[in-house]
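K.L.:
Those protein sequences? They're chains A and B, same order as listed.
Note that our numbering has the first sequence beginning at 337, numbered continuously upward.
Note that our numbering has the second sequence beginning at 35, numbered continuously upward.
Be careful, since some hints might not be right.
[Unchecked claim] DEER-style ranges, computed between Cβ atoms: (1) A:554 x B:64: 52 to 60 angstroms; (2) A:546 x B:148: 53 to 61 angstroms; (3) A:480 x B:179: 44 to 52 angstroms; (4) A:419 x B:50: 45 to 53 angstroms; (5) B:160 x A:521: 33 to 41 angstroms; (6) A:422 x B:180: 30 to 38 angstroms; (7) A:405 x B:81: 35 to 43 angstroms; (8) A:480 x B:139: 25 to 33 angstroms; (9) A:477 x B:148: 22 to 30 angstroms; (10) A:422 x B:160: 42 to 50 angstroms; (11) B:160 x A:629: 43 to 51 angstroms; (12) B:180 x A:437: 51 to 59 angstroms; (13) A:426 x B:164: 38 to 46 angstroms; (14) B:64 x A:442: 53 to 61 angstroms.
[Stated by the list, open to error] If the Cβ cut is set under 7 angstroms, some of the chain B residues that face chain A in the computed set are: (15) 71; (16) 77; (17) 99; (18) 131; (19) 134; (20) 224.
For the record, the hints were derived by calculation from the structure and aren't laboratory data.
Think of the CB as a built atom: it goes at the ideal place given N, C-alpha and C, for glycine as much as any other residue.
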Amino acid sequence: MRFSLRSLVAAFAVATALFIAAPAFAQQPTSVNPTAASVQERQLLDALRSGTPGQGTTLSGRITIPDASAGNLIQPQGQAWRIFHQGTMHWIGAIAILGMLGLLAVFYMTRGRIMIEAGRAGVTILRFSTFERFIHWLTAGCFIILALSGLNVTFGKFVLAPLFGEGAFAAMSQWAKYAHNYLAWPFMLGLVFMFVTWVVHNIPDSTDINWIKKGGGLVGSEHPPAKKFNAGQKVIFWSVIIGGGLLSLSGVYLLFPEWAGGVLALQFWNIIHGIVSVLLIAAMIAHIYIGSVGMEGAADAMTSGEVDLNWAKEHHSLWVEEKMGKGAAHPHASAQPAE
Amino acid sequence: MARMKFLCDADRCIECNACVTACKNEHDVPWGINRRRVVTLNDGKPGERSISMACMHCTDAPCAAVCPVNCFYTTADAVVLHSKELCIGCGYCFYACPFGAPQYPRVSNFGTRGKMDKCTYCAGGPLADGSTAEYAAYGANRLAEGKLPLCAEMCSTKALLAGDSAMIATIYKERVLRRGYGSGAWGWQTAYKETIAI
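Bound-form chain A, shown alone:
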């Protein structure tokens, strides 16, 4: 019964489609017979496209040279990719990056630098070990060069080429491409290390809900309690892991086109690579801001690794309690207490 109902529905759908299509058939011969009448390329494209199942929407045939992908005769999707790359991508990139810079400028002007309210204690506590700082800077250093060389591919010809001249710009872009190709690997290594090292501290929990509710101390002067990483840092961590993962996956396909399986796949991975990269660049601009000029005492965590105790108490109270409770890490007096 169920089967017959389904076939009935199918038959009705076919009949409806035929009924709708019938006037079109009457107006022009769509069943293309190239030996009977002069036909247009467009008609043949349409006819052959529907006649080659499994080939997608490209027009492919048999070829005698070894490169099987050359059997693709025409791929009109290149036009869509061109429109994306020369239009949409520019807008996404400009809005994400300039928008983030604008937001940060507004934030800086309204909130100013976030100071250590209690002042520096003069006593420090180890926040990041040498290894943690190494993997951070390995990934960060690679990312900055990857970001700049990547932006150069999309925006360089509008921004830098008029300044440098075409020859110098092309030579610079060539080196930027090499840097992009080769630094991708230490970047991926850094991603793996960061994931393994920090994932336990970045699993969302109830303290994050409270932290987000209180605006993370970014708005208002309250400092909600946080563990080693607060909710904002967890967002950064997962952006880097997921975004970096997507960039790695798409990047590897773009580096090894034979693995991607055709030009349509390459267009797809290029679009993913472009969008994810500008979003991650925007996120990293915010990360760099809050880790440097945006907050007093924050940069110490990734330079010496020793943060001021008062900074730690204000921003990562639960983490400090945990560290002190363990007794494993006593605060180091870097200066004589003024008593």
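Using the hints, position chain B against chain A.
P.N.:
Relative to chain A, chain B alone:
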């Protein structure tokens, strides 16, 4: 100046691949690269057609639009050429090209793309016409010698036509009118946003 184009009469192409061979030989094209290829559609079925395809030297060429270093230029004869000195081998022209013309020699086992190579319409490149450097990088410059692309000159059935747009269109029109059918100027709609009205 002329508006140079290719036209492949799919009703005449017999898939002999002489154009492919002639091109490879004339320009000393490296291993693994075919500036021209013959694709057979509907192989072994009614309506089988073979089309010889290479760079079509598009009007408003997509490769030139997406190139991050502006290495493409269009000559006075409307031939789309590129500078291998400027090319960085990023692969973008291949993504954008409707005809799969741009190809890259593999310069290392690491998958690094070399400088892009494609059909030059036998017109060389930006280096001095007929120089050894030009031949090494881009192949022969027949256009500078007043000759047309060798693939079309070699074509045994004269399926592949090269030359000024108006002239090859006229030849094709005459054929279609005489024999009473024609399967269209392949790639013209995509490359030139026009087709030959019969």
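K.L.:
Given a hinted range of 45 to 53 angstroms, is it respected by the beta-carbon distance of residue 419 (chain A) and residue 50 (chain B)?
P.N.:
Taking Cβ atoms as reference, residue 419 (chain A) and residue 50 (chain B) lie about 38 angstroms apart, which means the hint is violated.
K.L.:
Taking the Cβ atom of residue 160 (chain B) and the Cβ atom of residue 521 (chain A), is their distance within the range 33 to 41 angstroms?
P.N.:
The hint (33 to 41 angstroms, Cβ to Cβ) holds, given that residue 160 (chain B) and residue 521 (chain A) are roughly 34 angstroms apart.
K.L.:
Could one say that the CB atoms of residue 554 (chain A) and residue 64 (chain B) fall in the range 52 to 60 angstroms?
P.N.:
This hint holds: roughly 58 angstroms between Cβ atoms.
K.L.:
Just tell me: holds or violated, for the beta carbon distance of residue 180 (chain B) and residue 437 (chain A) against 51 to 59 angstroms?
P.N.:
holds (57 angstroms)
K.L.:
Tell me if the beta carbons of residue 546 (chain A) and residue 148 (chain B) are separated by a distance inside 53 to 61 angstroms.
P.N.:
Holds, at about 56 angstroms.
K.L.:
Measuring from the C-beta of residue 71 (chain B) to each C-beta in chain A, is the shortest one below 7 angstroms?
P.N.:
holds (5 angstroms)
K.L.:
Hint says 35 to 43 angstroms; check whether the CB-CB distance for residue 405 (chain A) and residue 81 (chain B) agrees.
P.N.:
violated (24 angstroms)
K.L.:
Confirm or reject the claim that residue 480 (chain A) and residue 139 (chain B) have a C-beta distance inside 25 to 33 angstroms.
P.N.:
The hinted range 25 to 33 angstroms holds for residue 480 (chain A) and residue 139 (chain B), with Cβ atoms some 31 angstroms apart.
K.L.:
When you take the CB atoms of residue 480 (chain A) and residue 179 (chain B), is the distance between them in 44 to 52 angstroms?
P.N.:
holds (51 angstroms)
K.L.:
May I ask you to test the interface hint for residue 77 (chain B) with respect to chain A, counting a Cβ-Cβ separation under 7 angstroms as satisfied?
P.N.:
OK, holds: residue 77 (chain B) within 7 angstroms of chain A, min 4 angstroms.
K.L.:
For residue 64 (chain B) and residue 442 (chain A), compare the CB-CB distance with the range 53 to 61 angstroms and indicate the outcome.
P.N.:
holds (55 angstroms)
K.L.:
With respect to the beta-carbon atoms only, verify the hint that residue 422 (chain A) and residue 180 (chain B) lie 30 to 38 angstroms apart.
P.N.:
holds (37 angstroms)
Comparing the model with each numbered hint stated earlier shows that hints 4, 7, 10 do not hold.
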